[in-house]
Each structure stands twice: as C-alpha cells, then as structure tokens.
Amino acid sequence: MDLLYQIFVDPFVQMGTAPDLLVQTLWEGLVSGVLYALIALGFVLIFKASGVFNFAQGIMVVFAALTLVGLYEKGVPAFLALALTIVVMLGLAVLVERLMLRPLVNQPDIVLFMATFGLTYVLIGLGEIIFGGDPKVMIADQLYLPRGAIDVNMLGGFVSLQKIDIAAAIIASLMVAGLAVVFQKTRIGRALRAVADSHKAALSVGISLEQIWVVVWFAAGIVALATGIMWGARSNVSFALEIVSLKALPVLILGGLTSIPGAIVGGIIIGVGEKLGEFYWGPLLGSGIESWLAYVIALIFLLFRPQGLFGERIIERI
Amino acid sequence: MRMKQLALGVALAGIMAAPALAQNSIFVPLLTYRTGPFSNSGIPIANGMHDYLAMLNERDGGIGGVKLAIEECETGYKNEKGVECYEALKSKKPVVVNPYSTGITLALIPKASVDHIPILSMAYGLSASAQGQDFPWIFNPPATYWDGLSMIIKYIADKEGGLANLKGKTIGYIYFDGGYGLEPIPLLDQLAKDYGFTVKKYPVPPADMQNQSGLWLNVRRDRPAWMIMWGWGAMNPTAVQEAAKINYPMDHMIGVWWSGSEDDARPAGAGGKGYLSLNFNSVGANYPAIQDIQKYVIDKGNSQTAKDKVGDNFYNRGVMNSVIIAEAIRNAQQLTGKKEVNAEDLRRGFETLKITPERWKELGLEGFAGPVNVTCTDHNGHHAAYVQQWDGTKWVKVSDWITPMKDKVQPLLDAAAQDYVTKNQPWPKRTEACDKSS
Amino acid sequence: MFYREAGQYKTSYAADQAIFPVLQDRLGLIAILIVAFVVIPLTGNEFLLQAVMIPFLVFTLATIGLNLLTGYTGLLSLGTGAFMGVGAYACYKLATIFPQVNLLVWVVASGFFAAGVGVLFGLPSLRIKGFYLAVATLAAQFFLSWCFIRIPWLYNYNISASIEVPTRTLFGIPVTGPTAAPVTRYLVVLSIVVVMTWLASNLVHGRIGRMWMAVRDMDIAAELIGIKLYRTKLLAFAVSSFYCGVAGAMLAFLWLGAAESESFNINQSFLVLFMVIIGGLGSLTGSFFGALFIWGLPIVLRNAPGAFGLSITAATVEHITFMVVGALIVFFLIVEPNGLARLWQIGKQKLRVWPFPY
Numbered sequence: 001m002d003l004l005y006q007i008f009v010d011p012f013v014q015m016g017t018a019p020d021l022l023v024q025t026l027w028e029g030l031v032s033g034v035l036y037a038l039i040a041l042g043f044v045l046i047f048k049a050s051g052v053f054n055f056a057q058g059i060m061v062v063f064a065a066l067t068l069v070g071l072y073e074k075g076v077p078a079f080l081a082l083a084l085t086i087v088v089m090l091g092l093a094v095l096v097e098r099l100m101l102r103p104l105v106n107q108p109d110i111v112l113f114m115a116t117f118g119l120t121y122v123l124i125g126l127g128e129i130i131f132g133g134d135p136k137v138m139i140a141d142q143l144y145l146p147r148g149a150i151d152v153n154m155l156g157g158f159v160s161l162q163k164i165d166i167a168a169a170i171i172a173s174l175m176v177a178g179l180a181v182v183f184q185k186t187r188i189g190r191a192l193r194a195v196a197d198s199h200k201a202a203l204s205v206g207i208s209l210e211q212i213w214v215v216v217w218f219a220a221g222i223v224a225l226a227t228g229i230m231w232g233a234r235s236n237v238s239f240a241l242e243i244v245s246l247k248a249l250p251v252l253i254l255g256g257l258t259s260i261p262g263a264i265v266g267g268i269i270i271g272v273g274e275k276l277g278e279f280y281w282g283p284l285l286g287s288g289i290e291s292w293l294a295y296v297i298a299l300i301f302l303l304f305r306p307q308g309l310f311g312e313r314i315i316e317r318i
Numbered sequence: 001m002r003m004k005q006l007a008l009g010v011a012l013a014g015i016m017a018a019p020a021l022a023q024n025s026i027f028v029p030l031l032t033y034r035t036g037p038f039s040n041s042g043i044p045i046a047n048g049m050h051d052y053l054a055m056l057n058e059r060d061g062g063i064g065g066v067k068l069a070i071e072e073c074e075t076g077y078k079n080e081k082g083v084e085c086y087e088a089l090k091s092k093k094p095v096v097v098n099p100y101s102t103g104i105t106l107a108l109i110p111k112a113s114v115d116h117i118p119i120l121s122m123a124y125g126l127s128a129s130a131q132g133q134d135f136p137w138i139f140n141p142p143a144t145y146w147d148g149l150s151m152i153i154k155y156i157a158d159k160e161g162g163l164a165n166l167k168g169k170t171i172g173y174i175y176f177d178g179g180y181g182l183e184p185i186p187l188l189d190q191l192a193k194d195y196g197f198t199v200k201k202y203p204v205p206p207a208d209m210q211n212q213s214g215l216w217l218n219v220r221r222d223r224p225a226w227m228i229m230w231g232w233g234a235m236n237p238t239a240v241q242e243a244a245k246i247n248y249p250m251d252h253m254i255g256v257w258w259s260g261s262e263d264d265a266r267p268a269g270a271g272g273k274g275y276l277s278l279n280f281n282s283v284g285a286n287y288p289a290i291q292d293i294q295k296y297v298i299d300k301g302n303s304q305t306a307k308d309k310v311g312d313n314f315y316n317r318g319v320m321n322s323v324i325i326a327e328a329i330r331n332a333q334q335l336t337g338k339k340e341v342n343a344e345d346l347r348r349g350f351e352t353l354k355i356t357p358e359r360w361k362e363l364g365l366e367g368f369a370g371p372v373n374v375t376c377t378d379h380n381g382h383h384a385a386y387v388q389q390w391d392g393t394k395w396v397k398v399s400d401w402i403t404p405m406k407d408k409v410q411p412l413l414d415a416a417a418q419d420y421v422t423k424n425q426p427w428p429k430r431t432e433a434c435d436k437s438s
Numbered sequence: 001m002f003y004r005e006a007g008q009y010k011t012s013y014a015a016d017q018a019i020f021p022v023l024q025d026r027l028g029l030i031a032i033l034i035v036a037f038v039v040i041p042l043t044g045n046e047f048l049l050q051a052v053m054i055p056f057l058v059f060t061l062a063t064i065g066l067n068l069l070t071g072y073t074g075l076l077s078l079g080t081g082a083f084m085g086v087g088a089y090a091c092y093k094l095a096t097i098f099p100q101v102n103l104l105v106w107v108v109a110s111g112f113f114a115a116g117v118g119v120l121f122g123l124p125s126l127r128i129k130g131f132y133l134a135v136a137t138l139a140a141q142f143f144l145s146w147c148f149i150r151i152p153w154l155y156n157y158n159i160s161a162s163i164e165v166p167t168r169t170l171f172g173i174p175v176t177g178p179t180a181a182p183v184t185r186y187l188v189v190l191s192i193v194v195v196m197t198w199l200a201s202n203l204v205h206g207r208i209g210r211m212w213m214a215v216r217d218m219d220i221a222a223e224l225i226g227i228k229l230y231r232t233k234l235l236a237f238a239v240s241s242f243y244c245g246v247a248g249a250m251l252a253f254l255w256l257g258a259a260e261s262e263s264f265n266i267n268q269s270f271l272v273l274f275m276v277i278i279g280g281l282g283s284l285t286g287s288f289f290g291a292l293f294i295w296g297l298p299i300v301l302r303n304a305p306g307a308f309g310l311s312i313t314a315a316t317v318e319h320i321t322f323m324v325v326g327a328l329i330v331f332f333l334i335v336e337p338n339g340l341a342r343l344w345q346i347g348k349q350k351l352r353v354w355p356f357p358y
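From first to last, the protein sequence lines are chains H, V and U. 1 is the number of the first residue of the first sequence in my numbering; add one for each residue after it. 1 is the number of the first residue of the second sequence in my numbering; add one for each residue after it. 1 is the number of the first residue of the third sequence in my numbering; add one for each residue after it.
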C-alpha cells in the first residue's frame, strides 16, 4: 500500500505542492531534450540522404568542439576559429565521402554502420593526437554566448532559467527552421529529398549522389558543431561528451529515423520524460535511473509504432 | 607539441637502440590514462608521477646510484586494459605497480600476493587493504576513503558547531556509481546513525557523468545542508557547474581528494567560487624539488606537461605518489644493503616507510604533505588531511589538518578485511616477516 | 599445390554434406587443435596465455553468440555486454551459494540465466526490426548495467560493488582465483570454447539453423512457409544469450578474476559487434578471425614501437592504435564487406588452383 502510494500518489502530490520545481523539471527536460534532438538531427540528416546510420555523429560533436577550442587556444580569434572549424567539417565531409562512402556504395546497411564505427575510432585517435585528451573550457564568452541565469519568481518559488539553455533552444529552433527551409525551398534541398526517396531514381534524373552526400555530411558537421558548443558550455569539452551522444539514439528511434520533426518531438519527449522520471520516481529506485529510462520510454513507444512516431511506414513485400 | 614528439620519435628510431630495460636499473611501471572520459583527472597525475621520477634520474642519477626505468602503460581507466598492462609488465620484473584506478586495484589485489609484486594504491582502492596482516602486498597511504569521509564529517561538524549539532541535518552524498563511489557508503550510513543526521544519496551513472541536471533538481528539492562529493573524471566539473546552477551554497559542497582538481572547479567560472575539497598534498610550484622538475625535465622537453600546469593539485598528487615510491625504494636499499632492489625488497621498504617532516624538507618539499608512516600492520597510516577552497582562480587552504575518526574507521576496516578474506577463501596467510622500522 | 581435392571421391551423401569435405581441411583443423591444446600450453609464456589467448577465446565465444543472433537470424543487438554480465553475475551467485558444486557446472549453467534474460529482452524483436531493434536492445544494456550496481544481492553486498572470484579447483588443481596457473585456465577456456563451437556448428547446419537463416533472409517469406517467427526469433535470442552468458562467466572467472558493472558496459557490446562484422556475418570461422583481429591488433600495435626501438609515449601509441584500428575496419569493409571469413574462403579457392589459375 505504502509503495503504491509512493508510486501513484506521492509524485503528484509533490507536483501540486511545489509547482515551481515541476516547472523547473519540465524546463530542464525541455533543454536536454532539445540538446538530444540536436544530436539526433545530425543522425537523421545522414540517414535520410544516404541510408547510413552514422554512429560517428557523437564523436563528430566532440571533434568539432575540440577543433574550435583547440584553434582558439592556439591563438586564433574566436570567430575566425569558428569559421575555420566549419571549413574543417567541410573537409571531413569531403574526405568521408571520398574515402569511405564512395567505395562502399550499395553495401548492406550494417556494413555502412560498421564503417562509421571505424570513422569514430579514427576521429578519437586524431582528435587526441592533435588536441590532447585533457578537457577544455568552451569559449562561450568569446562567442558572445550568455552566461548566468534568470531567476523567475513564480508559483511560490523560483524557476532558474540558464541563459545558455535559452540560447541553446533558440539556436536549435533556428537550425531546424533553417534546415526545413533548405529542404523545402532550395534546389539542393529538393535534390536531397529526391535522393532520400530513391537513390536510383535520383541518379537517373541527373542528381549527383556524391555531391549530395558531401552536403549532408557537411550539414551534419555543422549541427555537430552547434551541439558541441552547447554541451561544451554546459560542462566542458572532453571525450566524455561522446557518451552523452548515445542518448540521441532513443530519441532517434522514438521520432523515426527519417524524420526531422520526429527528432525534435522525440528529443522533447525523451528529455522531459527522463527528467520527470528521475525527479519524481527515481528516488524510489535508488536514483540514477536516467541512464536507462530514455531507452525504456523509446521501447514502449516502439511497441505501438515500430517505425517511430514520424518514421516512414515500413512496407514489406515478398 | 605532440606531433613534434611523434616526429622526433620516428626520426630517432634508427639512432636509438632498444633501451627498454638497461641492466642496472629498477623498473617502475606507471599505469596511466591519458585517453578516455577520465583523462581530465588522469593526465595531470600521470605527468606528476612521471616527471618526479624522471627528475630523480636526471638530477641524482636515479636512487642510490641506480637509474629508474620508467614505463607508462595506458589503461584508459578500463579494467581489462589494466590487467593486460599488468600482465605485460609483470615479465619485466616491476618493483611496484600503481594502478590508479579503484577497479583495476580490485582486480590486481588477489594477483599481487601470488605474483609477489607490491601494489601502491595511494588513497584509493580497497579501504580494507590497509590491514597489513591480511594484505601484505597492498599499500594505500596516506589515508583510506573511510578516513576521508570521517574527516569531511568532522569538518562539517566543526562548521556546525560540534558533532551534536549534526542531529536532524540532511547531508547529501553525490557519487560516481561504481566501486569507487560506493566504498564510503557503509561508513556514511554508520555515522548517520551515530550522529543522527539523514543521508540522501545521488548516484551518477558512468554514462551520465555530463548529464546531471535531473539529479541536481533532486538536490534542490531535498535541500541538504551539506553536499559531499565522490566524483572522478568528467563527473567533477559537471557537478560543480550544476551545483552553481541551482544556487547551491558552494561553501557547503565538499569533495573528496579526487574531486579537487583545478579543472574541476574552473569551468564553473564565478559560480564555482567557494567550492571545497579535501586534500593531503599542497598546491603550487614553490618547492625546490618541483623547481628541479622544471629545470631538469620540463625545460629539457622530456615531459608532456604544459608549463602552466606544474604545481596544479593533481600534478602534485602525482608527484607525491612518486615520492612515496622513491622513498620506499631508498628505504628498501638501506634495509637490504642492495642497490638494485627487487619487488620483495620494496615490499619491506614500503612496510617500514617513514617520511617525516624533516625528510620532506630534505627532499626539497618542505610542508608539501603531512608525514607518512607505514607499518607492518598498518599499510595506510590514516593520516590527516585538510580542506581547501576554490577562490575562483586557485585553491586556498582553509582548515587545519583534520585527523580521521580512527575509532569509527578501524572497526569497519577490521570487519571489511575479515569479510574479504572469508569471501575469498582460501586467502593466503601472511608469511612475510615484519621488519623493524629503520 | 598441396591443397587439392582431386582424387577424394565421395561415396555417400553424408560425406558430400560434411562440413569439411576436403581432407586437407580436416588435417588442418587437427593441426590447429594440436597447436591450441599442446603447443601453446607448452611454449606460450604467461603474457601470451593471460593477455592474448584467454581473452581471445572468451571474446570468440561471445562473438559466436552474437553471430548466431545477428549473422544467422538477422537481429541486430547491442546488448551483448549486458548478457555477458548476466552470465557472470549468475555464475558468481551460484558459485557462492553452492560452493561444493564443481565450478564448471556453474559456468555452463549461468548460460541458462542469460538465456532467460535474453528471451525477455528479445520479446520486442517480434515487432521491431533493424536499427530500431538495435536501439531497443540498448535498453537491456543500460537497464542491466544499472541492476548490476543497484542490486547489492547480486554481488553479495560487496563494499566495492564488484565480484571477486574465489579459488575453486577441478580435480584438485585450482582453475580460478589468483593461484590458478594461466595454463590451466587457458585449457579450461579452450575446452569450453571448442565444445561450444562444435555445438553451434551442429546447430546452424541443422534444422534450427536453417530456420534462422530463412528468417534472416526474409521473415515474411519464412512465416509463409510455416516457420513460427516468435519461436524462432526467441530461440535465437535464447541461444545467443546463452553463449554470451557463458562467455561473460568465463570473463569474470577465468580471465579477469574480478568484475564490476563497468566490465559489461556498452563498449563491450560494441567490441563484440566489431568482431562479428569484421569476422564475417553468419560464419563461425569468421567469429574466430574477428575476435583475433580486433583483440590482437591493438596488442600488436601497442608492442610494435617497442620492438622497433621507437620511443613514443604510451598515450600516443594508444591514439595511433585507435586511428589504425579504425582505418583498418573501414579498409577491410571496403576490400571485403563480407568479412575476414570471406577473405579466407577466397584465399582457399585461389590456393586450390595455384599455381595455374584458369
């Protein structure tokens, strides 16, 4: 009885008695959801256009952030470093396309998936050789990212909104909006969608697959850079960030592997779900349930929609 | 810098013979981790350990005229890698192994007594291994985790105006969810019972080290009067930042000695000001021995240490680790009269190790750390530590040396050692004789 | 030249369908077994046995386990590490509750616990497919990892939350614990792996294996010809987890001698997946190649600079190892996406007609 009370009643009582904490929890969930969504976005872009489940997206986040901070520490002005990092990500996209994707055209999904594991290892080694394994402080101030918090007094308490989190949410929305516009309105965007529909049909109407792949990997690189800056500003830039990026996986399958809005909605569901779960039900299980809760949430959704919330319906024929 | 070293290494390939083990040397392997999610804590320690030993080689020609052969083995803080390193190094006759990971230490403890290689786990590893009677080959000076916890509680009690005032208080414990963070819990629960305070536990899963906002919301709800942290690697800076975010009073948050690196507090910016941590070595480079490291090792480019990192807390921690090794070797040389001591000799060297304040002074490290005193039965010493505070740019000592509550720790140690031995039957009985300390 | 099948006539269907139809292959297998059982124990030093051969064999078994699931049945799983953990913890509990029973019984029995847990987490596979399933198995990985810490009963309330392996003997010779000689442990591991490989080989060549492969190639078609999907898929999860569980128990008991939750983390799952794919999906021989390649390569790379007298710091070696391993994975996938097993086959084919290819 007591246990049932703790599971079904007590959390809601708490929500009622301390609404400011509920709002704060929702906000934290929203912010981490947006950050998960940003990582997931990189996955989706690449999966849509090339069918590659890019495991290296996580390490690309670290690599981009490290390049940015590393260049700055070598004396390059912050915004020039930012520009140079974008160039580096472009170079990476070209190299990946030339050395990895092109020779692997037409291979089964799992082989491409595996190849991105190889890429992960290469990037880890390369990043550590060039920049060293010691953690770096993100150059948030130099990039004019806000610091500090706004404490809003409400509901008999206060809700603390970190300015960097607000910035993250804004940047993420801008990015998604930008991507949507590019996908819908531009020539290259239409080509991207054509490739996503069918490689062969796209090829037959004269779309260059190679070019498209470079474009999507570059776009994923930029998304990775944005993600790296945001996560980096929240703690620091180190290879441990790569682990956090695993959290993008449940987001990804929850939203559907091929859907950009899916990544956003999935991110928010996972983010809010895991923070609420950890906050209100976690103590019952001895806390720290965040590590698996996201996957279980995704799993439950999947049981009802096996292709994710917004994924393309899987049609199978004999 | 690294690229240059690499190029240098390749260029010198032809010229240099394979000097892996010169004849007249003492082999001191260092298990380190400069890669992976724990490298932020691992790198400065690895640098400190390496540089001090390298300095002894350059300045004094080794110890007692015998050069030290230093070799690093990269573990990445992974147990399998650590065991692999140990097996690879074992054939080269190491005189001591220091795993620098609680997990690796636990895997190596049973092996040490069979292979007869002493293990130095300086203030980490298995607390119970302080019992020399049961663990003749394991050394964990200067203090165990349980000592550390009792010192933190004493500090808190001091600020609250006495142990009696702890009654009814809530103390939060945020910890790395693994062997390292779980170790102090039995004592914490015990103390909570004895002094009537409540403990709230906040475990940080290894995969969520940089994603702690949910846990800290719990902290905000529970409003513990004090927070104790047992963190490592990327967990530390994230925790300090999250604490600052929820406006937790930083001068009520106190980390163990492994949560006290400059890089742990710095990323939080102004918010990290006031953060406390326990420490048993001093911070700063104003010691003759450390100046010698600058002169003999770093200025010559024989180190991976960045100049501005010399004297950082974890760098000095690494130096202290190497001082203990070096002093044990010297002690073993005196004890046996041999120059090239082996692992068995070094075990005796450890067991009668004494580093008095005068000795610290002779070493060029006056006041660098408290005295270290290891005996046959007590492989730890249960020495005092002090509390330091982050002032926004550096660590400042803010308390006197605090001694551990030996009366609370000792019974637990005895029980834990007993438990370990019964669970691992047949555990080898101690056959090694005790030396008179010199 | 020596590898010719000319003159070897098959006079029965059984001979024709044999797994090793060529005499030289059978001789080769015997030679490998002799090397493994006799030569290596006699000549190998402790490092070779303890840091190369034992882990290689342990991972081979886990790789075979995952290969049965991913390679033969086409279900991608990222929960291998956790299933290995279930085996290790089950073995530990059994061995401490019933210390009088021979440890080897428990090493094998722990596989059944892993199989049970595997079936439980395999249930979503009835509805979810492909990468979606892979991420779903991550739920198993993270949930079980969490259990390994949060349920103290599993590690007998050990203060450090780790399992420490007590000394146990087999015919009076210690096989686990610190006093067990590496040779003994190696031989025990080897025997288990050989027997279980033989079992797996029989399994995949028989009715069950064919059902698995039918499901892998197209599950709807398989269902139409009367294969019950849920049974087949869950059986694959059960058998696969059984193998992983035994591998995990061996990892804790016969290799490391201690284990904690982190020994069975997500990286372990990835490592085994590498081995499966580099070795070759759907190939038992490939599992051996994959495990040898992924486990052995970093060791070779790490020791290479020393052998050439290069002085590179340990950390740099580690970074270079990472890069080389990564690059080689990509390289091998480009050269031969079907894995080392396929390369081996091609090599044998070439050898057949060497030196006069037609």
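Check before you lean on any hint, since a few could be wrong.
Claimed, not checked - For lysine-lysine, the following DSS-like pairs were computed, each having C-alpha atoms within a straight-line distance of at most 30 Å:
1) V:408 - V:201
2) V:159 - H:74
3) H:200 - U:129
4) V:307 - H:74
5) V:429 - U:350
6) V:423 - V:201
7) V:159 - V:273
8) V:423 - U:129
9) U:10 - U:350
10) V:295 - V:307
11) U:10 - V:201
12) V:429 - H:74
13) H:163 - V:408
14) V:423 - H:74
Source of the hints: derived by calculation from the structure; they are not laboratory data. The structure displayed is predicted, hence computed values, not measured ones.
Tested hints:
At roughly 21 Å between alpha-carbon atoms, residue 408 of chain V and residue 201 of chain V fall within 30 Å of each other, so this suggested pair holds. This hinted pair does not check out: residue 159 of chain V and residue 74 of chain H have alpha carbons roughly 44 Å apart, beyond 30 Å. A distance of roughly 24 Å separates the Cα atoms of residue 200 of chain H and residue 129 of chain U; the hinted pair therefore holds under the 30 Å criterion. A C-alpha spacing of about 15 Å is found between residue 307 of chain V and residue 74 of chain H, which places the hinted pair at or below 30 Å, so the restraint holds.
This hinted pair does not check out: residue 429 of chain V and residue 350 of chain U have alpha carbons roughly 60 Å apart, beyond 30 Å. Between the alpha carbons of residue 423 of chain V and residue 201 of chain V the distance comes to roughly 27 Å, so the proposed pair stays at or under 30 Å and holds. For the hint pairing residue 159 of chain V with residue 273 of chain V, the CA-to-CA distance comes to about 18 Å; that is within 30 Å, so the pair holds. A distance of roughly 44 Å separates the Cα atoms of residue 423 of chain V and residue 129 of chain U; the hinted pair therefore is violated under the 30 Å criterion.
Restraint check: the Cα-Cα separation between residue 10 of chain U and residue 350 of chain U comes to about 22 Å, which is no more than 30 Å; the hinted pair holds. Between residue 295 of chain V and residue 307 of chain V, the direct Cα distance comes to roughly 11 Å. Compliance with the 30 Å bound is thereby established for this hinted pair. Straight-line distance between C-alpha atoms of residue 10 of chain U and residue 201 of chain V comes to about 71 Å, which puts the hinted pair past the 30 Å bound. Using a Cα cut-off of 30 Å, the hinted pair residue 429 of chain V and residue 74 of chain H is violated, with the two alpha carbons roughly 57 Å apart.
About 46 Å separates the Cα atoms of residue 163 of chain H and residue 408 of chain V, which puts this hinted pair outside 30 Å; it is violated. This hinted pair does not check out: residue 423 of chain V and residue 74 of chain H have alpha carbons roughly 54 Å apart, beyond 30 Å.
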